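2 protein chains.
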Amino acid sequence: MQTQDMRKVKITEGFFKELQKLNEEVSVYNIYKRFEETGRFRAIKCVKDEAHKPHIFWDSDVAKWLEGVAYILVKKKDDRLEALAREAIDDICANQLPCGYFNSYYQVYAPEKIFTERTEHELYCAGHLIEAAVALRQCGVDEKLYGAMLRYADYIYERFYVKKDAAFTTCGHPEIELALVKLYRESGDKKYLDLADFFIEERGRREEEHYGFTDGRYDQSDLPVREQREAKGHAVRALYLFIAAADVAQIKGDEGLIAACERVFEDIVNRKMYITGGTGSTYHGEAFTFAYDLPNIFAYAETCSAIALALFADRMAKIENKAIYHEIFERVVYNNVLAGESKDGKGFYYVNPLEMHENIYDYNESLKTKLYCPLPERVEVFDCSCCPPNLIRFVENIGSFIYGFDEDKKRIFVNQYISSETEIAGAKVKISSEMPYGGKAKVFFEGQGELLLRVPSWNGGVVMKVNGKKVEPEISDSYISLALDGDFEISLDFKMVPRFVYANEKVWYDCGRKAVEYGPLVLCGESVDNGENLSSVRITSLSGAKVKKGEFFTLEVPAQKMRTSSALYSYEAPVPEKFTLKLIPYFSWANRGKGDMQVWWL
Amino acid sequence: MQTQDMRKVKITEGFFKELQKLNEEVSVYNIYKRFEETGRFRAIKCVKDEAHKPHIFWDSDVAKWLEGVAYILVKKKDDRLEALAREAIDDICANQLPCGYFNSYYQVYAPEKIFTERTEHELYCAGHLIEAAVALRQCGVDEKLYGAMLRYADYIYERFYVKKDAAFTTCGHPEIELALVKLYRESGDKKYLDLADFFIEERGRREEEHYGFTDGRYDQSDLPVREQREAKGHAVRALYLFIAAADVAQIKGDEGLIAACERVFEDIVNRKMYITGGTGSTYHGEAFTFAYDLPNIFAYAETCSAIALALFADRMAKIENKAIYHEIFERVVYNNVLAGESKDGKGFYYVNPLEMHENIYDYNESLKTKLYCPLPERVEVFDCSCCPPNLIRFVENIGSFIYGFDEDKKRIFVNQYISSETEIAGAKVKISSEMPYGGKAKVFFEGQGELLLRVPSWNGGVVMKVNGKKVEPEISDSYISLALDGDFEISLDFKMVPRFVYANEKVWYDCGRKAVEYGPLVLCGESVDNGENLSSVRITSLSGAKVKKGEFFTLEVPAQKMRTSSALYSYEAPVPEKFTLKLIPYFSWANRGKGDMQVWWL
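Those sequence lines, one after another, are chains A and B.
This note's numbering applies: residue 1 is where the first sequence begins, and numbers increase by one.
This note's numbering applies: residue 1 is where the second sequence begins, and numbers increase by one.
All clues given are correct.
When the alpha-carbon atoms are kept at most 30 Å apart in a straight line, the in silico DSS-like pairs for lysine-lysine are as follows: (1) A/K506 - B/K578; (2) B/K506 - A/K548; (3) B/K548 - A/K506.
FYI, nobody ran anything at the bench for these hints, they're computed from the structure.
All values reported here derive from a predicted model rather than from experimental measurement.
Produce the entire structure from the sequences given, and follow the hints as far as they go.
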């Protein structure tokens, strides 16, 4: 399956339209401001200032911001934003070395170490700059950075692939691989694909090439990529690598590599993923751990790894379109990804726990223990601020993940019900949807072809009308297929009711508990709505649950709080007390000050 | 209340007799061997060997071992053991400096730093040496170390109290204070009490005197002791300090200090204690954290802090005899303390978690993450091996905690039902008890006085017979009081049935769960008996529970395992499957190889 990219898809209204508006008016500027204040935009001017050395990965922050700007500017004119982007592009291009190399850290502070330190994100930064350049060109914003990055990619090709005189073979942080595939697709020059393929194939074939941090597992260098059997190590690294592996496997029709991608995807979604779509459960190495190890309070579940899982799912669907990939995309985007940003568009989460006890945080802060502890409130910028611009570029690019089509364009897929319109092979398709807060969606179709409409797994029964007439939908592999010729209004009503979700018996943190989902949304409860002792709340049924729409989408659930005496331990069983539990979408949490939060309930 | 010390109490049979036998035949020798191999006994020979510098606290390990040996040798002749102890005593005495000072680290490796480093356990080691010397003298084993330690204590008095020329006022690790009270009681010389009092009173009055590690809370130097309102900081430090504070407060009748001790004790048992009696829930600083923060998997609950809580409870009972102190003593001893030692007497636990998932440990080991993670198996020695000899000396001294009496000896208390005999003020008292595995106990009394028999709070109804005749017991403040004159056989049958215990609604880790207790024992389940997925076990009733006695005391409980599909998340509720849960005493866990363990059940 191919996907319709965002340049051809107009987000028309509703949830994502609002989100993009917030990004375009607030977030993109606020991130710029914080990156400017913290020196990231000064760094690319490449003026040596020993007192304010840039971090080795700052170029990638600027690059992701530029990529986000490209996706904004293709949709709307914004001279101020374009001027800011232009200045950054000019700075990068002006400071690119004659050989094509650009890195604001190495060329200014350690030129003798260029291409000698595998673990220091050099090609990772290059990859993000290439992604930005491709996006800026595709969006008609700029050709200059694209030219510069072609030269940079050529230089990398020369050093790593032709001369092989760099001190390492593959970068400690995958990213360059997927960027090179994009560059290959944009330029048509096969050498970039060869280089991506080379980086993927060479990985895990040299014992000395891994981080001292843990071992080869950390950066997926313990085994050749095609021999990998499970998700391990740093989650973002693993997922970026497998995004590229899936890209290359699809282009080349490489069955061995496809099988490795499938194994890793399967391992993630069946054993190592939070219900929010979060991955990488430990802060130690920001890594996947082992099957079913999914702590809630000390979860890591980085926003970037959520974005990466969404992208990996998208690439897997391109290899073979299965509904599961879009389901996982939907789960991770509406929950873990969107939790990364505050309602006002200014604050961001790097890690996304599933349970918060603010007094754990307060205690650790008061003693400055430096123990790992998720934040009870979002912040505007991090030392390692990869997530905020990643969110911007992802949300602005959401149009790319809605529609799919076969190569001959005879089959058109609606994979996500996000209000939008597009044109595929002469057919006009338009979606008008209530999601994620309601199950109704209208799909307008004008043209000729087979339309495949995905049926979400959370749906409790779908009612379909075609041009006003009820039609019993035939569902095959989670798609409704309609052969159409002419003008059609397909109205879908996916029954959206709150549902309990149960974790596998091996997930000891969640065993005996249930989460509540409403459509694609995982819900959570906060102390600001529910008072103290969230852990003592018990829900036995959702039958009396009521949706209330206010500042936040809210589900009111008849529940109980189990009350005990003041003793620490007692032989008396807790006494249930009637209680109305107010649940909101997980992504909406932590927007009203510090407090406690919980996803899994007794 | 005064207590009858172990020299006057003979442990006659049963549980503690067996435990002492194991200690005397195996543990005391094995600990000696491991301390010998690791250089602890070489260190006190004070021969400089830069390649094998002793740890700053090794003297205290030797001292606790010597104290344990004293309690063994007063009960039975053991020439081999005595010879080992004699050599250690001779080494210490031979190397004591003329001024009286002894420390195998400072005098050999850093003599210029003597009494300059507050945080380095110098007076802590001195305190344990003094405790050993007092015990050896009291037990009639040795006078030489006692003489040496009087000189050392005099030197400390001179430097800290008279000249005040040491570089610090109070030791970073309390211990000297309680040792000085023992020395005062043994010698009758009030200057040792004055010095203990001085160390207690001066603590927390100098802002500069605390560890850089966290802040003054860590070693209870944030506030004067009498102003402390809660348990905080390093648990062993806090408890050793409050043991001494209670001693001094009792001797001086100091109401302000008594109130501080009561506040701290109350804070521990009502807000900061595991159901096993464990305290100090975080490894970070081995410390108390905040109210109700009692994680099970990553619990710390050091064996030494359990012993210290038992001793603190004993001291509080001496100030004012309340049953709660003996209840806490019973809880902490039969659960957290005894879990510190393996069934074969050779292995020890430093930390005592309430839930074990061996794959968490295996994962961290395989990656050498160095993250804190409790051990799934006991080991023979630790780098910091304070707990093993502490256990020895505590178990050998258990006789001291059974009986109490009023100063006029008109009232005699039986506080613990441990099979033993003693003579108090002309009255002979003998206990023959099934505890902890059964609720029957016989108390033989010969003499005249008021006998007060403690009624444990776990008791489900007591049947009492006096000289074979059933007598309805009158229970007041958890004691049965009998005015006796003559020969009596009081037979007590405390109903011992398994009971659910529930944690306070604020304990989020245990909310909605229950622990199972049987008499004074907290029970746990292990995977070796119950297979995988302990977290999926649900118990709803204990009515069909059966006691089985085999290698371990076992309670078989009709239960369910909640089974799910293999999916990670599912809309299908787990299905209950009949299951018999086998529970054993918490202290018996981890004696059959690595595996999982759980105390709190759904």
